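Going down the list, the sequences are from chains A and B.
Residues 1 to 299 (my numbering) make up the first sequence, in order.
Residues 1 to 434 (my numbering) make up the second sequence, in order.
Calculated from the structure, these hints are not laboratory results.
Any given hint could turn out to be false.
As the list claims (entries may be wrong) - Straight-line C-alpha distance at most 20 Å; calculated DMTMM-like pairs for lysine to aspartate or glutamate:
#	chain 1	residue 1	chain 2	residue 2
1	B	Lys239	A	Asp159
2	B	Lys239	A	Glu161
3	B	Lys138	A	Glu52
4	B	Lys137	A	Glu52
In this text, all values refer to a predicted model and were calculated from it rather than measured experimentally.
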Amino acid sequence: MATRGPISRALEREDTLAFWLLAPTLLILTLFIAYPFVRGVWLSLSNSTVGEPGHFIGLANFYKIFSDSIFRTAAYNTFVYTAITTVFKLALGLWLALLLNRHFRGKSWVRAFILLPFIIPTVLSTLAWKWMFDPTFSVFNWLFWKLHIINSRINWLGDPELAMGSIMMVNVWRGVPFYAISLLAGLQTINPDLHEAAAIDGANRFQRFWYVTWPLLLPVTMVVVLFSVIQTFADFQLVYVLTGGGPANATHLFATYAYQIGIGTGLLSEGAAISLAMFPALLLVVVFQLWYIRKVENR
Amino acid sequence: MARFTRRKFLQASGAGLAGVLASHQAPVFAQQSTVHWIKWNDFVPASDELLRKSMLPEAMKALGIKVNLETVNGNDLQPRVTSAIQSGSGPDVFMLFNNHPHIYGASAVDVSDVADAIGKAQGGYYNLAKANTSDGKKTLSVPWAVIGAMIAYRKSWFEEVGFSKFPETWEQYHDAGKKLKAKGRPIGQTLGHTFGDAPTFSYPLLWSFGGREVDEKGKVALDSKETMESVKFMQAFWKDAHDEGGLAWDDTNNNRAFLSGTIAATLNGASIYIETLRKPDQYKTEKNTPMKDDIRHSPLPRGPKGQFGFHLFQSHMVMSYSKNQKAAKEFLKWIHDPKNYERWFVSQKGYSTPPAAQWEKHKMWDEDPVMAPFKVAGRLGLTPGYAGPPNRKAAEVLTKYIITDMYAKAAQGSSPEEAVKWAAGEVGKIYSAT
Chain A
1 MATRGPISRA LEREDTLAFW LLAPTLLILT LFIAYPFVRG VWLSLSNSTV GEPGHFIGLA
61 NFYKIFSDSI FRTAAYNTFV YTAITTVFKL ALGLWLALLL NRHFRGKSWV RAFILLPFII
121 PTVLSTLAWK WMFDPTFSVF NWLFWKLHII NSRINWLGDP ELAMGSIMMV NVWRGVPFYA
181 ISLLAGLQTI NPDLHEAAAI DGANRFQRFW YVTWPLLLPV TMVVVLFSVI QTFADFQLVY
241 VLTGGGPANA THLFATYAYQ IGIGTGLLSE GAAISLAMFP ALLLVVVFQL WYIRKVENR
Chain B
1 MARFTRRKFL QASGAGLAGV LASHQAPVFA QQSTVHWIKW NDFVPASDEL LRKSMLPEAM
61 KALGIKVNLE TVNGNDLQPR VTSAIQSGSG PDVFMLFNNH PHIYGASAVD VSDVADAIGK
121 AQGGYYNLAK ANTSDGKKTL SVPWAVIGAM IAYRKSWFEE VGFSKFPETW EQYHDAGKKL
181 KAKGRPIGQT LGHTFGDAPT FSYPLLWSFG GREVDEKGKV ALDSKETMES VKFMQAFWKD
241 AHDEGGLAWD DTNNNRAFLS GTIAATLNGA SIYIETLRKP DQYKTEKNTP MKDDIRHSPL
301 PRGPKGQFGF HLFQSHMVMS YSKNQKAAKE FLKWIHDPKN YERWFVSQKG YSTPPAAQWE
361 KHKMWDEDPV MAPFKVAGRL GLTPGYAGPP NRKAAEVLTK YIITDMYAKA AQGSSPEEAV
421 KWAAGEVGKI YSAT
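Just need the whole structure built from these sequences, with the hints factored in.
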């Protein structure tokens, strides 16, 4: 019998094999997650600008941004934007998932079409929305005017509150399919026998949803909400294309303001500080949700 | 014939290689004389075509330098230059806007040898060209062109409301705009977050009332009676005379609105007029005559403290990471040679105004009287940060749209006091930061 080489023998050991199997993932995580993160933290604590490495200045950038009224507006906007859109995306996504879970003709076609807003590149679809919100040529305004609903133009992106509402609308439109399809997958794992048993016990439709569907769907829902909150919190493209953060900063979010400061003004360190300011809030959300998911799963 | 032995060959090539290594430079015949030039996508596409098809091949013949021209959307130049500087590689020559050379000054090669000679030979650079490209220690970039911002207006519509010539003061412009808006033909102006038409309107408005970001000594001076007057004026002017959708406009909305006949006047480069020249059959007035014949241009009106302009300014920076700095400078010298530059300038048909005074005398300006006001764009223009220098602080105020947003806030209904206080506070924080 041929003797095995040293490599084969080393790989027989479970801990060595595990290390080598994990090594590529670790490498990728270090290169693309850990290094940029550490570099971001370093940048935020330095006075680095484009082309100048800078030196350590402690928390000066954070003091500066917290006394910056545009930053405070951006922070407030980001929380409001994330909270409101998440509620709408969840409600509409769940509703759509429940509808799609029924049997009807052309079901698979409808399911495929539902995904379209999610599949189209965001910048492209947002440009189409920009045209629909155009101050002069808005198709919404034209339609409402023809239907005698309005007699003056609606300033979709020019009025501060309406502009925020408009970008939220686009975000919800884009995000609902993700919720719907993910929740639909969750719904399909629920055993129909449970519904039948509940029906035999005399539960009405709402009770069946509330006492059977919802508790079983909750772990999936929490994961979907978690992903969505992270993505929405760091949203950039919608605002960048639709308003550039205007009018008068009414629609700036963390990411768009960080871009404006970091790239537009060349203050890389301050831009990094603005980006990192998202981190504690997101960390809290993630920790809370993961804790809740574990609690639900262990029930 | 002397024998060339293997030993001799090794000795000679070894010495040669040592020389190359010692000089840190490849021998001339091995150097790749290629220059990567990045600029914006021209609003006059014919000019980019002229460069690609004719001028760059000629430069290749004249200098032996191959120029790779890359054109990108104007808004994409800053992300590109940032990533190039941070990674230490990228295009050799970058087109930059306004006072951006001050932001990237640490990565610029001093081009005083190129720029000084051009300026001197061409009647002297305008002040805005000098201020935007020099930090007092070195010349950061070579001035290229000024994209004049002028009001494009419908001559017949202004005549209908009693203005046979364009209003000379802000008050008269307000009066005309009020009458025009009453007829459903408002003035169109963006106060949104867009790099071109918004600041080129809001800064001169401020200056013409006597308001300024900082004084000559660099002390923040925005919170003043003059600034307040300008904001009060704008609040009423906006409501009475403007298309209120303008708060959300970018640099293209006003072009479309003007060309579709929904606004009577707008501050813009010459692109609206040039578009109507290109397609006279497509753009017609309500009387079915070509719109081009009804368009005129005017500088922004005069305020109590004078008449000013702020124009998009372009210059070219040779990057310090570039390995082709010499070739890049040679190329810039070549393209600014009057006989070469003239071809490009003529192809712009007045959309671009050269940065040096001698070009005001060029016969191209006599060809079309509608374009004549652009001739002096560079002369009337000031730089962001006025009355201080257009340095990094001024760039921060500009990129944060603080001056524009001051007027936007008032237009949205904030009190002028509130708007000025907010803007002065933000400007103060920027200038006091280390």
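Quick rundown of the hints versus the structure:
no., hint, result
1, B:Lys239 - A:Asp159, "14 Å, holds"
2, B:Lys239 - A:Glu161, "19 Å, holds"
3, B:Lys138 - A:Glu52, "17 Å, holds"
4, B:Lys137 - A:Glu52, "17 Å, holds"
Checked against the numbered hints given earlier, the structure satisfies every one of them.
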